[in-house]
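S.K.: Chain by chain, the residues run as shown.
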Amino acid sequence: MGFNGITVGIVVILVGIYGMITKKNIIKMIMSLYIMNSGVILLFISIGYIEGAEAAIFENTQKLMVDPLPQAIMLTTLVIGLGITALALAMAIKIYDKYKTLNTTELLEK
Amino acid sequence: MTHALILIIVIPLLGAFLTHLTKYTKLRRGAEIVSVASIVFALVLLLPMAKTILAGKTIQYNLGGWPPPIGITLTMDGLSFFFSLMVLGIGLLIIIYSLGIYVYARRFYSLLLIALSGMLGIILARDIFNMYVFFEILAVASYVLVTYKHKPRAIKASFKYLIMTESAWVLFLLSIAFLYGLTGTLNMDGIASQIPYLYHTNPLVICVIFSMMLIAFGIKCGMFPLYTWIPEAHSQAPTPVSSLLSGLILAIGLYAILRIFYLFFGTTLLLHGASELIIYIGVITLIVGASLALVQDELKKLLAYSSISQIGFILVGVGLGTSLGLKGAIFHIFNHAFIKTALFFSAGIIISQTGFWKISKMKGIWRRMPSVTFAFCLLALAVIGIPPFNGFVSKLFILEATLLSKHPVVLFFLCVGILLTAAYYFRIIQTFFSTEEFQSKPDFVPQPVGPFEHLSTYVFAFLCLVIGIFPSLITNLIQPAIGVLLP
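First to last, the protein sequences are chains A and B. Quick note, the first sequence lines up with residues -6 to 103 if you use the numbering used here. Quick note, the second sequence lines up with residues 7 to 493 if you use the numbering used here.
Be a bit skeptical, because a hint or two may be false.
DSS-like, lysine-lysine: derived pairs with alpha carbons at most 30 Å apart [what the hints assert, rightly or not]: (1) A/Lys91 with B/Lys447; (2) A/Lys16 with B/Lys166; (3) B/Lys155 with A/Lys17; (4) B/Lys155 with A/Lys93; (5) B/Lys166 with B/Lys364; (6) B/Lys166 with A/Lys17; (7) A/Lys56 with A/Lys103; (8) B/Lys157 with B/Lys364; (9) B/Lys157 with A/Lys93; (10) B/Lys157 with A/Lys17; (11) A/Lys91 with B/Lys412; (12) B/Lys157 with A/Lys87; (13) A/Lys21 with B/Lys157; (14) B/Lys155 with A/Lys103.
FYI, nobody ran anything at the bench for these hints, they're computed from the structure.
Construct all of the structure, not just a fragment, from the sequences and the given hints.
M.R.: Structure, rendered in C-alpha cells:
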C-alpha cells in the first residue's frame, strides 16, 4: 500500500473514531467529529487526484486533468461540517453554562 | 407542470424564509399562515401526479436540463410518491397541532419547514450525494428543534443526538466516497447498474459499503445497539417535535434502507445472507425495545421505546424481501408514523394539563379529561394491533409473510413482541382508568389547550379506525411502491 491521500485519509478517520469512542470531554468529542469529517474529505479528494495533472480549467491544451467533481462536492461537505461544528460548540457553551462541567460521565449523573 | 418536482422541495424551503419576513407585515399569525399555505401548495403540486404514478410510471426531472450522468436527477416513482404524501400529510397535521400553542414563534415554523423540505429532498433525490446533503439539512433543523425550549436536559439530549447522527453521516459519506471511486458516478441508477459486476470481482468491498450504510441508517432509524439517542431526544423535545422525530424522521431512515438497499444490493448481497442479518437485527430490536418500554415509568420515554420496538417489526418485514413482507413493512411504517404522532399529541396534552411526566402519577386521569384519555386508549389499541385498527392489518401482513417464508423462530418472537406491546400499553390504560381519585399537583397551573390540539388528535384517531376498516385505501398506494422495489 503506497503512502497516498487515500491511506492518510483512512488513518485520519480512524484517529477520529478512536477519539470519539474514548474521549469523555465534549469539546474533544466535537474535535474528533471534525477530524473524522476531514479524513473523509481528504480521502474523497484523493480519489479524483491524478499525479502531474492540472486543475480542470479549460484552455486549448491537451494536458491531463484531475477529476473536478470530488473537489466541488467536498466544498459542500466542508461547509456542512463547519455549520455542524458551530452548532455543536454553541450547545457545548449552553451545557457548560447550566452544569459547569464538560465531562460526559458527570453530565449523565446530573 | 414540468417543474413540479423541484417546486415540491423548494416551496417549503422558501416558506421557511418567508416566515421570518412576516415580522414586517401587519399580518396576525403570519408565520402560521405562510407555513400552512406552503405545505398545502406542495400537496396541490403532488396530488395531480397520482394518476401517472398509480399506473406504474415514473416522473423524472433533470436539474438545469442536464441529462443523468452529468446532472442531478429527481425522480418520482411509487415509493417516493407514497412517502412524500405521508411526509406532507403528517407535516400538515403537526403544524395544525402547534397552531394552538402560542409559545411557538416564527423560528419554530421556519425550522419545521426546513426539516420537511429536507425530507422531501431525501425522498426525491436520485443523486446519492444530494441525498446526503438533504439528510444534513434535516439533521441540523431537527437538532435545533429538539432544543427549542432551551431546557438544559433537552440541550444535553440534542447534543447526544448530534454526535451520534453526525458519526452516522460521516460513515455514509465514506461509503459514498468508496462508491464514487469504484463506479465513477454519483447517480443512483448508474451505481446500481455496476454493483453486480463489482460484487463478482470483489465482494469484500461491497460488504464493507453495505455495513457502513447499515450502521449509518441504523443510527437514523433506531436499530438495536444504536438506538440510544431516541429515548432522550424524544422525551425531552417539545410535543410537536417528538411527533416529528418519532413519526417522520425514523420513517425517513427506513425509507433510505428500503431505497438504497433494494436498489444497490437487491440482486446481490440481499440474496446472500444480508437479508437474514436485517431480519435478526429487527427481532432483537423488537424484543429489546419492548422490554425496555415495559419497565419505563416516564410516559414520553415509554412511547419512544415503543417506537424502537415497532421499528424492529418493520425491519423484519424489510428483511423478508417478499412482496407481502414489503407490503406489510411499508404499511406499518405508515401506520406507525400515524399512530405514534397522535400518541405523542395526546401525551403532550395530558402532560401539559397535569404537569406530571410519570405514568404512576396519572392514576384515574380519565375523570379529569375523558376525551383525550379515550383517544389515547384507541391509539394504544391501534399500536398493539387489535382489530379493527390499522395496526392490526399491517402486523397481520408481516406475520403472514414470516409464516410463508418459513422462519418459525422469527414468528415466535414477533408474537412475543406483540404480547409485550400489549402488556405495556394495557398497564398505561389500567393506570388511566384506575378507580383512585386523581391527585393533581398542588401549585401547578395547567396551560390552556386549544381546539387545534384536540382536533388534530381526534382526526388521527378517527383516521386510524377508517384505515383499519378499509385498508385497501392505503394498500392500493403501496402496490406501485413494491413494484419499484421488486422489479
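S.K.: Please go over all the hints and tell whether each is borne out by the structure.
M.R.: Right, here's what the structure says about each hint:
| no. | hint | in the structure |
| --- | --- | --- |
| 1 | A/Lys91 with B/Lys447 | holds, 26 Å |
| 2 | A/Lys16 with B/Lys166 | holds, 14 Å |
| 3 | B/Lys155 with A/Lys17 | holds, 26 Å |
| 4 | B/Lys155 with A/Lys93 | holds, 20 Å |
| 5 | B/Lys166 with B/Lys364 | holds, 23 Å |
| 6 | B/Lys166 with A/Lys17 | holds, 12 Å |
| 7 | A/Lys56 with A/Lys103 | violated, 62 Å |
| 8 | B/Lys157 with B/Lys364 | holds, 18 Å |
| 9 | B/Lys157 with A/Lys93 | holds, 15 Å |
| 10 | B/Lys157 with A/Lys17 | holds, 22 Å |
| 11 | A/Lys91 with B/Lys412 | violated, 55 Å |
| 12 | B/Lys157 with A/Lys87 | holds, 10 Å |
| 13 | A/Lys21 with B/Lys157 | holds, 23 Å |
| 14 | B/Lys155 with A/Lys103 | holds, 19 Å |
Hints 7 and 11, counting from the list given before, are not met by this structure.
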